[in-house]
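Given chain P, put chains A and C in place with the hints provided.
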Amino acid sequence: MDQELLEKVMNQVKAELGTNAAVPAAETQTKGDATGINTAVGRTEFVGTSLGDTIGLVIASVDPMLKDSMNLGKFRSIGIIGGRTGAGPQIMAVDDAVKATNTEIISVELPRDTKGGAGHGSLIIIGAEDVSDARRAVETALQVLPKYFGDVYGNDAGHLEFQYSARASYCLEKALGAKFGKAFGMTCAGPAAIGVVLADTAVKAANVEVVGYSSPGNGGTSYSNEVILCFSGDSGAVRQAVKAAIVVGKKLLGALGEKPKSTTTPYI
Amino acid sequence: MDQELLEKVMNQVKAELGTNAAVPAAETQTKGDATGINTAVGRTEFVGTSLGDTIGLVIASVDPMLKDSMNLGKFRSIGIIGGRTGAGPQIMAVDDAVKATNTEIISVELPRDTKGGAGHGSLIIIGAEDVSDARRAVETALQVLPKYFGDVYGNDAGHLEFQYSARASYCLEKALGAKFGKAFGMTCAGPAAIGVVLADTAVKAANVEVVGYSSPGNGGTSYSNEVILCFSGDSGAVRQAVKAAIVVGKKLLGALGEKPKSTTTPYI
Amino acid sequence: MDQELLEKVMNQVKAELGTNAAVPAAETQTKGDATGINTAVGRTEFVGTSLGDTIGLVIASVDPMLKDSMNLGKFRSIGIIGGRTGAGPQIMAVDDAVKATNTEIISVELPRDTKGGAGHGSLIIIGAEDVSDARRAVETALQVLPKYFGDVYGNDAGHLEFQYSARASYCLEKALGAKFGKAFGMTCAGPAAIGVVLADTAVKAANVEVVGYSSPGNGGTSYSNEVILCFSGDSGAVRQAVKAAIVVGKKLLGALGEKPKSTTTPYI
Chain P
1 MDQELLEKVM NQVKAELGTN AAVPAAETQT KGDATGINTA VGRTEFVGTS LGDTIGLVIA
61 SVDPMLKDSM NLGKFRSIGI IGGRTGAGPQ IMAVDDAVKA TNTEIISVEL PRDTKGGAGH
121 GSLIIIGAED VSDARRAVET ALQVLPKYFG DVYGNDAGHL EFQYSARASY CLEKALGAKF
181 GKAFGMTCAG PAAIGVVLAD TAVKAANVEV VGYSSPGNGG TSYSNEVILC FSGDSGAVRQ
241 AVKAAIVVGK KLLGALGEKP KSTTTPYI
Chain A
1 MDQELLEKVM NQVKAELGTN AAVPAAETQT KGDATGINTA VGRTEFVGTS LGDTIGLVIA
61 SVDPMLKDSM NLGKFRSIGI IGGRTGAGPQ IMAVDDAVKA TNTEIISVEL PRDTKGGAGH
121 GSLIIIGAED VSDARRAVET ALQVLPKYFG DVYGNDAGHL EFQYSARASY CLEKALGAKF
181 GKAFGMTCAG PAAIGVVLAD TAVKAANVEV VGYSSPGNGG TSYSNEVILC FSGDSGAVRQ
241 AVKAAIVVGK KLLGALGEKP KSTTTPYI
Chain C
1 MDQELLEKVM NQVKAELGTN AAVPAAETQT KGDATGINTA VGRTEFVGTS LGDTIGLVIA
61 SVDPMLKDSM NLGKFRSIGI IGGRTGAGPQ IMAVDDAVKA TNTEIISVEL PRDTKGGAGH
121 GSLIIIGAED VSDARRAVET ALQVLPKYFG DVYGNDAGHL EFQYSARASY CLEKALGAKF
181 GKAFGMTCAG PAAIGVVLAD TAVKAANVEV VGYSSPGNGG TSYSNEVILC FSGDSGAVRQ
241 AVKAAIVVGK KLLGALGEKP KSTTTPYI
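Protein chains in written order, with our numbering: chain P, 1 to 268; chain A, 1 to 268; chain C, 1 to 268.
Just chain P, with the same shape it has in the complex (with noise of 0.2 Å):
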């Protein structure tokens, strides 16, 4: 009886304290089916959520007195992804929609969020000349997100986020300066403090090109706690640059809290 009372209590428990109590801020939860597609709120805007508090949606035309304030430029048909945790899951996942999808990317924006974590939130804005093709790039985008989020790691304490394409298409060259078709790599933490031995780590262990090092009050940043270093090269030496840096990484902030948890399935 003593077991069934336990039971009892703690649904009671988690249903008044909320059920996201004792989720790290890193991790993140999807009402979504398997394919991270929830796509019941009768809205023709919506397509979908997925992890990451992230958001998918398209305005298959634009309203002409928001197309200047928003630069759209051409285009008057948009896809819509923006979440409150993670921005390189986002570009990494669009950056995989635009390859296979007749559309365009028209801005990249990181809010300073994370849900009281370390990082950045994102809001991405996709263009296209036909509403299909945009929402075709966001389902993509939601579908391939969970991926990008198994190399991000957390614990109370902060969180590390890598991740590796073996070639760069326009999402990561706008917004990390990755070079078009190329291997492309990045390592991040926050605190920040373990950014900095992380991006010496990968710089060390292979033969990589800087094309970008942020940090919180020098640029590349919205003042989120986090030093993150981009870089390009051979899709080999990327990846071992990567994977060394991971190592430390794990370690480092692990000194901080518990041993780091990826938020899905590693994949590097």
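These are calculated hints, taken from the structure and not from any lab test.
Given the structure is predicted, the values throughout are model-derived calculations rather than measurements.
Some clues are possibly wrong.
Which copy is meant is left open, so a pair is good if it fits within one copy or across any two.
Said to hold, decoys possible - Calculated lysine-lysine pairs in the DSSO-like style (CA-CA distance at most 27 Å, straight line):
#	residue 1	residue 2
1	Lys-67	Lys-251
2	Lys-250	Lys-204
3	Lys-204	Lys-74
4	Lys-243	Lys-67
Same frame as chain P, now just chains A and C:
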């Protein structure tokens, strides 16, 4: 007996975990009485507190050494209103307060805050010839503040904010670019992606004039995870635009979590 | 039996919800020993950890590819100190450390952080001819850091921070504009409204010279919800100004929540 034990356990759990463990970021508390004004602090500068961890203060005569740092211009008597959660509600409340008192807006600053939420806090400074005028303005703003949290809706994933004024005054003009004396409306959502659709919905719903479009990285916000649209126009049109956006906003934010709830009671 | 079951349930609840659910944002933890230094990580870069999720690191020879991105100037050996919560305490601790060692301040950056709180985190980089000097400086800073959290007071609504140095050195000069070799004081509060009154209180309490006034939107902060006043002068006057502000700050922040508590033990 199970029921009795269950209650005992729940009380213990709440006591140990703190009563606010289940309070969404967009919600807020006050220790004040029904008017929202708490006066038992014993400092002449103190006026009261209200929702959003908002405090109201006055300084009868700011020290000359600070006057220039603070850009007070001709004023030495100031009223100060600032909170952790909410910039829109405080701006609306102070707009009412300056209409009703012999005071002027000196500055409106928007910290990146909301205690882990997606939006801003606020710091508003009011100037007056006489400290009694400043105090009256601060009291007025604190009293009316809960009303303007009425169309702030939140869930675990983010928040929506809507404001409407039949006749904008100096605070809305200075802080948000409203046309003085005309009706003013605002739509806002975090994550910012939802705010893009709300902006488009509002301008399509009625004939209004856009006076401001703010986004995380392109100005108008302090890197908050919000897109904010401000518009002026005839009162019927402005209200219609805001109302259309409320319907859409609740559906879209609801796709990321629970049904969004008003912080107090909707007024629009 | 009820009592036994109650404990069992509480343990289960704590395990499932995480032990930090009830820890206010302003409080912090360390896994380190009494000196605040944890050394069991197995990386030569690692020095230790301390309060505020602060980590201390060294790099014996920064890779040439990063030297320019990081603006290291003539240095290749660096010490790194950074945390999620607190910029003032880390700046004070590093100020002590550079006095005691053969090192120089390279940069001080202030992310918008404190894990959902109203203030900053920190990233401080120290240069040295020899990595053993950098390591000694980082160790010194980590050891003294808990002292400088002594006059950081917090409750659910926000925080207060006060610092005092009898003789400011290079870190206080570079980061906060202190006059080198003179006494230095700082008052700070979030929500920022309280910080305005503390600034006025401090300059009225004693004859000090203002060297910096920072606010959320007008410079000196990274959009944190704080007003910060920095001042130099004779040690008696500076201390008197700080002490007057402490009394007022506790009353005002206390009006928004519980009595503000020191993070460690007050030293001023």
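Taking the hints in turn, this is what the structure says about them:
In this homomeric assembly, Lys-67 and Lys-251 come within 27 Å of each other (Cα to Cα) only across copies, at 24 Å, whereas the closest approach inside a single copy is 47 Å. For the identical chains of this complex, Lys-250 and Lys-204 are intra-copy neighbours only, at 18 Å inside a copy versus 49 Å across copies, given an alpha-carbon limit of 27 Å. For the identical chains of this complex, Lys-204 and Lys-74 are inter-copy neighbours only, at 20 Å across copies versus 43 Å inside a copy, given an alpha-carbon limit of 27 Å. When the C-alpha separation of Lys-243 and Lys-67 is checked against a cutoff of 27 Å, the pair qualifies only between copies, where the shortest distance is 22 Å, while the shortest distance within a copy is 42 Å.
Hint violations for this structure: none, all hints satisfied.
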